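Protein chains in written order, with our numbering: chain A, 1 to 1015; chain B, 10001 to 10427.
Bear in mind the hints are in silico, worked out from the structure with no lab data behind them. Since we're looking at a predicted model, the values are computed, not measured. One or more hints might be untrue.
[Stated by the list, open to error] These stretches of chain A come out as covered by chain B in the derived footprint (C-beta under 8 Å, 3 or more residues):
1. 71 to 85
2. 88 to 98
3. 911 to 925
[As the list claims (entries may be wrong)] With beta-carbon atoms standing in for the labels, derived distance ranges:
4. B:Ile10232 - A:Pro974: 54 to 60 Å
5. B:Pro10327 - A:Pro974: 52 to 58 Å
6. A:Lys949 - B:Gly10107: 32 to 38 Å
7. A:Lys54 - B:Lys10209: 36 to 42 Å
8. A:Ala173 - B:Lys10324: 43 to 49 Å
9. A:Ala62 - B:Lys10408: 50 to 56 Å
10. B:Gly10312 - A:Val71: 31 to 37 Å
11. B:Thr10046 - A:Thr156: 58 to 64 Å
12. A:Val71 - B:Leu10201: 46 to 52 Å
13. B:Arg10294 - A:Thr535: 51 to 57 Å
14. A:Pro974 - B:Lys10408: 21 to 27 Å
For each residue, glycine too, the CB sits at the ideal point set by N, CA and C.
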Amino acid sequence: MDSNKKYWKGLEELNSDPEFVEKNKHEFAEPIPIEDVLSSGGLSSKTPRRDFLKALGFGVGAVTLAACQKVPVHKSIPYLIKPEEVTPGVPNYYVSSYEGHAILVKTREGRPIKVEGNPNDLLSKGGLNAQAQASVLDLYDYNRLKNPIRGGNDTTWDQLDGFVKNELAAVKAGGKKIRIVSSTIHSPSTLAVIADFIGAYPNTKHVTYDAVSYTGIIQANQNSFGKAVVPHYNFDKADVIVSFGADFLATWISPVEYQGQYVQNRNNKSLENKKMSRHIQFESGMSNTGSNADTRILIKPSEQGIALVNLYNEIAGTTLPGTKALGNTNAAKAIKLAAAELKAAKGKALVVCGSNDVATQVLVNAINSQLGSYGTTIDLDNYSNQYKGNDAEFVEFVAEMSRGEVDAVFFLNTNPAYDYYNAEAFKTALKKVRLTVSFSERNDETASLCTVVAPNHYYLESWGDGNAIEGYYTVVQPTINPVYDTRQAEQSLLLWSDNAVKDYYTYVRNNWDKNLQPKGGLQSGLKGWEAVLQTGFVKVAPKPASAQSFSRDLNGVAQTIINQSGRTAAGDGKFELELYQNVAIRDGKRANNPWLQEMPEPVSKVTWDNFVAMSPTDMKKLGYVQGDIVTVEAHGYSVALPILLQPGQTQGTISVAVGYGRTMAGPVANGVGKNAFPFQTFLNGTFQGTSTASLTKTGDIVILAQTQTHHSIEGRDVIRDTTFKQYQKDPSSSSGEERKHKPYEDLWDAYERPAYDWVMAIDLNACTGCGACVVACNAENNVPVVGRDEVRRRREMHWIRIDRYYSFVEEGKEITEEQEISELKDLDNVQVVYQPMLCQHCDHAPCETVCPVLATVHSSEGINMMAYNRCVGTRYCANNCPYKVRRFNWFNYWNDARFDNYLINEHTHLVLNPDVVTRFRGVMEKCTMCIQRIQAGKLQAKIEKRPLKDGEVKMACQQTCPTNAIVFGNRNDPNSEVSKALKSERTYYVLEELNVQPGIGYQVKVRNTNTELEA
Amino acid sequence: MRSISLILKQFSRQVILIAGLAICGLTAYAQGDASKGEAIFKAKCTACHKLDQRVIGPALGPTLEAETDDKWLTKWIQNNQALIAAKDPKALKIYNEFNGAAMTVFGDLSDGDVANVIAYVRTEYKKEKEATPAAGAAAAQETGPSNIVVFGLIGVIIIAFIVILVLNKVISTLERLVANRPALAPEEVAAEEEAGPSKGLLLAKMLIKNKKFVFFVLLCGTIFCSSWTWVILWNTNVHTGYQPVQPIKFPHDLHAGVMQINCQYCHSGAYKSKNATIPSLNICMNCHKVITTRMGAKEPSAEIAKIYDALGYDPATQKYDSTKMHPIQWVRVHNLPDLAYFNHSQHVKVQGLKCQTCHGPVETMKEVYQYSPVTMKWCIQCHKRTEINIKGNAYYEKMEQVHELIRKGGKVTEAMMGGIECGKCHY
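Please put together the full structure from these sequences, using the hints given.
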């Protein structure tokens, strides 16, 4: 049954839009005017011969003249006094931490060029997300502030210090309030500095404000268990996971960590032990997490509360007052089944909810308590410090300002003028404050309103620490001298509060010496500190996670929830609007990062924009087509955004991503998308992201820069999946004999691979589609950014892309014929498979045989090599590649003013990996299997006179993958990880029927579907 | 007969020359054993002396050639301090010439040892003097290949010219024959009429009219021009011999040659990194904090002063002023294009190549020039010919293919290990 299941890359392919079909006939989207030239008119015109000769003559002359210049003299400038630890040409790695994750920073000649996960990191075990990978580029962002600013004019630090201290003295004398507003800070040293500052200015209060807030969870835990914290979730201990709109694999609290945990019960190892967790997702918009779920149930935001109440009733066997039955029969049924499964997995079950509503989260706590999750899948003792925002406090702070009670305010790593829901109120209130100071690295929306901007160091230039999980302390150490004339915010606070310690580095040292080194069992003093700088973190033995007893009366809670859902329920042509975070852009802090802007959003595959995601059924009803710009209006705020056709979006709902529409972030982010933060509301003490919205068509239409539809799979058997049940019966189901092709007669001789045969195994069941590998590859291989227009022309340069495939199920039947699609009632029951697609390094590579200049040839190590300087740009290879992984340089992206916003300035050039060349206009490029890493690994082994160890060489994509979905290694070694992985029964090769003998084996996606839920 | 006597004469001259040389050699050998002297010389003298160059002490070759009083020499070598103390005029002269730098006292050397050393120095210097012109000739020959082509071409042209002349002779003979039979000769009156002025002009005219000759000249010209273009194109962007003027006239011949400083002392990256690295100035200062003058000169060297200047260093106070620091902008001699990845440590550390293999005799270069063409052809040739250094390197242990090759007795070159594949250098 599964053998002929149909997949679609996008709805265009599925519907076979004439435009899509036409475009896909050609390798390159834009027509080439060969026909015009070769047509009769072109050939019989009067002067082609003479013109040809003229052009030829001029061309030869010009080329000769151009060649007549002297060879440029190259300078070679050594260090004056070389630092001992730097050897030009050899990278140094320094431990540091990014948002509490221990990382390694790779530096070359003293400049950071790549961020890599620390394999010993407690949270992510060496994986990193796209944001962390991209963070190194921001260091060289020339839009960062280059010096302190006062009143809009550049100033010096001395003058600034004098001014601020005078003002602070006056404020202190005046007796009015001082506020430090920041996003969540978990750094113990920073918190200590702030505490010291408060000591010096007792009227000060520290207000924590997160743009995307988790106050609901914190408050709920305070209410339920007296612990105002975000708990630490253990998805690896859960056999059944039920999520209500929590995008925990992509954006929710600590996604990189959760990805690793989640996959532990779903990867190859777990499957071989015949064990797989079940994940049921109830949500309205198609999230990255939802797309990975075994069962995905569509509910409206207004139904979420009711569904949770029903779930509680089912599990607890009671009926809370005010309980309403779900109108959605499918969801009602799913709730019953989910409850049964959860109950069966007591102690190994986990329910999470993405809502920021306190009442909802209290109910979730009650459910989890019923399921015995506390102490197993939820840990409130080793809690998370990643989010500590208090929404009510911030709202109160704005009120204080508008009442004129605040005389001084400091903004640290926060930007309320952009991301506060009522930014106008904030801006007006801010005007009443005497001293406004921003520590922002750039002159952003808030900083530009402040009298003083004291630009902070970037984290790669800073000393510091982190404490993401209680008992886990990471260190932040600088890896470069400050690029601009900036100063660390903590240093400024120390100076302004006349702290006894004038230097923040000393302060951090003292703090570690006194508090953290002993905690980690290290000796105090320099020795212990040096040990910290070696390992990057200290760990306190985790406290035993205690079970929590929930003893609150839920009647009131249930009532609040029911009332609330009535509020968001939309009627008369209105839509329920849900805000979400895009995997790449998140809350918009890093919006000025071109790598992130160009990373396709996992589900929609849209780059450089946010949009209104809408169900195909709704669109049909309203007569909208994709790209139609509509005005979304909710409680007085409206934005005009293009529509995206999103299968799997609940009917009657729309989803809009926050983080876009920056106005002062820099040339990359400014004007990209629209700001959706003002759609938030402040309700029951927290910010909430759901509301009802009305849509009106503006009549304009744009083409979204979407990457997925750039190729067609022509109905080929590229993706394979199976269900856990079938897998248990036959592990080789859907990869096995029935889909094997008869052996072919080889046209080519086999290549000899005497020493190595570099291959890769990609576990589709482990891949969550997060896109970290795409950005890691960008950073490692100097992959250029092309911009929105070029992406629209299908010219994105990513060497690795993550293909997202849809398949449809209706009434328990999988859609196997293309024409069936038009008979579907709706496109709600969509299943998603992600497939990282990169050069397959085929042993019989079709690209190699068509290259007229032998620019792409095969190596004796099984790699399909690409010699750029040999390539003349015929593009035959791209045309002949069945996987469509070859990318053509249409421009000289690294040195072309048209791509000014991205990477062509002298600062961003510093991020280039010096071991990889930048490619020039007119050449083809593609994944090289990080050949520079292979070569470096082999050389290191040769120097150390030992064989190359398995796992020593890691691909950039493999290294960053939070779920270890990618395994790379030597197939000649039967004991290598990759050989073992490829021996899995699930392994299949994409398009193996072409006999191109790809070097990358994929492992079939397995879904632990509940047949009852499917029905 | 005449030729035989000529040969005999030459032969006898050679015999006399060889005999003379042998006698010279014998007289030299008679006084000491040069081979024994060599060991002593290398152990004790090379720290300060060279045969043909003044280092810390005088150049011994010319000095010993001029100084024939071996007794005095023995005394000087065994205990120069005593001679100076005794106010020996010769000793004082040398002492003053070298700024009162005292030579080490070698009391442990016997008279025989000293005689051996002197013998070694004299014979070795003589050998060197004779070898120099020969080496020059050899060097000239080494640049041969390209000259062979040129000479060959010239030879071909000359031969062709001779052929033309011969052919012309034949033609003229034939014409004469024809002329002798008037019946065969058509209207040649006009030609004879014009045949007036001079013989040379006539010949030129005849040649120009000769189509074959003109064709041949043109052909030769074309061949010459195109081969010239060919050579030019092949050598475009090949900068063998490139010797830019450096901001500091750094003499490699002094540092690497005379002083025998190991290349890696300064270019320390060569063992660890892809870059051999140009030393930072703190490396220079290891020695030049003390050595401030040119060898033998009293005045502080202007070139060494440039180091101080770049570092903001004041030799008088021995202090650094970081505000005056500015980097030295060396001119890169070997410019490998960015598209090719080259790693020094791979070649130096793993393969154990000598720096000179690619960089030429740097220890004799006053200013560094590019010795090798650094073209891809040059790389590939070496990768095809050179046996790789697998001995004692466990890295190759597991590579069965390598063992197979060794078993077959073949040599294992880099090319066999995939060393000429594009992806080895281009990524």
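Each hint, compared with the structure:
{"no.": "1", "hint": "71 to 85", "result": "holds (count 11)"}
{"no.": "2", "hint": "88 to 98", "result": "holds (count 3)"}
{"no.": "3", "hint": "911 to 925", "result": "holds (count 3)"}
{"no.": "4", "hint": "B:Ile10232 - A:Pro974: 54 to 60 Å", "result": "55 Å, holds"}
{"no.": "5", "hint": "B:Pro10327 - A:Pro974: 52 to 58 Å", "result": "53 Å, holds"}
{"no.": "6", "hint": "A:Lys949 - B:Gly10107: 32 to 38 Å", "result": "59 Å, violated"}
{"no.": "7", "hint": "A:Lys54 - B:Lys10209: 36 to 42 Å", "result": "39 Å, holds"}
{"no.": "8", "hint": "A:Ala173 - B:Lys10324: 43 to 49 Å", "result": "47 Å, holds"}
{"no.": "9", "hint": "A:Ala62 - B:Lys10408: 50 to 56 Å", "result": "55 Å, holds"}
{"no.": "10", "hint": "B:Gly10312 - A:Val71: 31 to 37 Å", "result": "33 Å, holds"}
{"no.": "11", "hint": "B:Thr10046 - A:Thr156: 58 to 64 Å", "result": "60 Å, holds"}
{"no.": "12", "hint": "A:Val71 - B:Leu10201: 46 to 52 Å", "result": "49 Å, holds"}
{"no.": "13", "hint": "B:Arg10294 - A:Thr535: 51 to 57 Å", "result": "52 Å, holds"}
{"no.": "14", "hint": "A:Pro974 - B:Lys10408: 21 to 27 Å", "result": "26 Å, holds"}
In summary, the structure is inconsistent with hint 6 from the numbered list given earlier, while agreeing with all the others.
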